[in-house]
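J.: Sequence:
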Amino acid sequence: MFRGGKATEGTHPVKVNTKFLAALSGAALLLALAGCSSDDSGKKLDSWAKGVCDQAAGPAKQIDAANTAISKVNSGGSPQEVKNADSAAFQQLSTAYKDLAAIFQKAGAAPNGDEGQTFQQNAVTTLNHLSAQYESLKKQVDGLNTSDQTKFADGLKGVSDSLTKTTADVQSSITTLSQGDAGKALAQQPGCQRVSGTASPTAS
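Per UniProt numbering, the sequence shown starts with residue 1, numbered consecutively.
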């Protein structure tokens with residue numbers, strides 16, 4: 001997390017905050033939504049979960065790639081280089097989470113009654129919200145002043161603060177969604193487990 005104080009040349013608080021991004025990356029997010037249980041709620045629910053998780057692999061890879069890209073941004077690079085890299089990564093994250101929301105939307109309600117419909121609707125809402133948050137972060141980065149190093153570093157601190165808030169909002173939403181038979185079924189699918197071991201990016 002950005003540690004406050006006067007912004008200095010070469011600081012890249014967005015990069016430091018990518019440890020939060022990793023906690024929400026790809027299939028790790030789906031596993032968080034799903035909870036951790038070995039119970040099977042039936043063949044129909046299993047089939048629903050498999051359909052979601054098989055399609056989630058692509059967006060999950062994009063999220064992991066964007067997180068990795070941010071972690072590799074050269075904090076000593078020019079403001080324009082840092083700005084371009086962060087902007088591209090935030091756009092990729094926004095698109096990937098929107099794609100995940102679309103997957104849940106297309107899948108329809110999980111086949112376990114009212115609980116399944118609520119779970120599906122909450123997942124769509126949460127993922128679309130996350131997509132919108134990253135789109136907002138992209139716009140914030142795009143608006144940074146690159147002509148002055150100190151002003152740029154100060155602007156990045158603002159982006160860092162916004163990123164921290166986004167992460168807290170999403171984690172709160174995930175807590176609500178980490179329940180129910182639909183979540184348990186998702187947790188059992190290999191497609192929702194394959195990226196769960198992604199390492200957290202760290203600042204250089």
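Where hints are given, some of them may not hold.
[Stated by the list, open to error] Below are the DMTMM-like pairs computed for lysine to aspartate or glutamate, each with C-alpha atoms no more than 25 Å apart in a straight line:
{"#": "1", "residue 1": "Lys50", "residue 2": "Glu81"}
{"#": "2", "residue 1": "Lys157", "residue 2": "Asp142"}
{"#": "3", "residue 1": "Lys43", "residue 2": "Glu115"}
{"#": "4", "residue 1": "Lys139", "residue 2": "Asp154"}
{"#": "5", "residue 1": "Lys61", "residue 2": "Glu135"}
{"#": "6", "residue 1": "Lys151", "residue 2": "Asp54"}
{"#": "7", "residue 1": "Lys106", "residue 2": "Asp54"}
{"#": "8", "residue 1": "Lys157", "residue 2": "Glu135"}
{"#": "9", "residue 1": "Lys157", "residue 2": "Glu81"}
{"#": "10", "residue 1": "Lys138", "residue 2": "Asp148"}
{"#": "11", "residue 1": "Lys72", "residue 2": "Asp142"}
{"#": "12", "residue 1": "Lys50", "residue 2": "Asp142"}
{"#": "13", "residue 1": "Lys184", "residue 2": "Asp46"}
{"#": "14", "residue 1": "Lys139", "residue 2": "Asp169"}
{"#": "15", "residue 1": "Lys184", "residue 2": "Asp161"}
{"#": "16", "residue 1": "Lys138", "residue 2": "Asp114"}
{"#": "17", "residue 1": "Lys98", "residue 2": "Asp154"}
{"#": "18", "residue 1": "Lys165", "residue 2": "Asp99"}
{"#": "19", "residue 1": "Lys43", "residue 2": "Asp154"}
{"#": "20", "residue 1": "Lys98", "residue 2": "Asp54"}
{"#": "21", "residue 1": "Lys165", "residue 2": "Asp154"}
{"#": "22", "residue 1": "Lys98", "residue 2": "Asp148"}
{"#": "23", "residue 1": "Lys157", "residue 2": "Asp169"}
{"#": "24", "residue 1": "Lys61", "residue 2": "Asp46"}
Because the hints were derived from the structure by calculation, they are not lab data.
J.: Give a verdict on every hint.
T.: Each hint tested on the structure:
1. Lys50 with Glu81: Since the Cα atoms of Lys50 and Glu81 sit roughly 40 Å apart, the hinted pair is violated (cutoff 25 Å).
2. Lys157 with Asp142: holds (14 Å)
3. Lys43 with Glu115: Roughly 17 Å separates the two Cα atoms, so the pair holds.
4. Lys139 with Asp154: holds (16 Å)
5. Lys61 with Glu135: Holds. Lys61 to Glu135 sits at ~18 Å (cutoff 25 Å).
6. Lys151 with Asp54: Violated, because 44 Å separates the two Cα atoms, which is more than 25 Å.
7. Lys106 with Asp54: Holds - the C-alpha atoms of Asp54 and Lys106 are around 13 Å apart, at most 25 Å.
8. Lys157 with Glu135: Holds: Lys157 and Glu135 sit about 17 Å apart, inside 25 Å.
9. Lys157 with Glu81: Status holds; Cα separation ~17 Å.
10. Lys138 with Asp148: Distance of about 20 Å is within 25 Å: holds.
11. Lys72 with Asp142: holds (19 Å)
12. Lys50 with Asp142: violated (38 Å)
13. Lys184 with Asp46: Between Lys184 and Asp46 the Cα gap is close to 9 Å, so the pair holds against 25 Å.
14. Lys139 with Asp169: Given that 25 Å is the threshold and the Cα spacing comes to 19 Å, the pair holds.
15. Lys184 with Asp161: Not satisfied, since the Cα-Cα distance of roughly 33 Å exceeds 25 Å.
16. Lys138 with Asp114: Roughly 36 Å between the alpha carbons, so the hint for Lys138 and Asp114 is violated.
17. Lys98 with Asp154: Violated, at about 29 Å.
18. Lys165 with Asp99: holds (22 Å)
19. Lys43 with Asp154: violated (53 Å)
20. Lys98 with Asp54: Holds, at about 16 Å.
21. Lys165 with Asp154: Holds, at about 17 Å.
22. Lys98 with Asp148: Answer violated: Lys98 to Asp148 is near 34 Å, above 25 Å.
23. Lys157 with Asp169: holds (19 Å)
24. Lys61 with Asp46: holds (23 Å)
When the structure is compared with the earlier hints, violations turn up for hints 1, 6, 12, 15, 16, 17, 19 and 22 and for no others.
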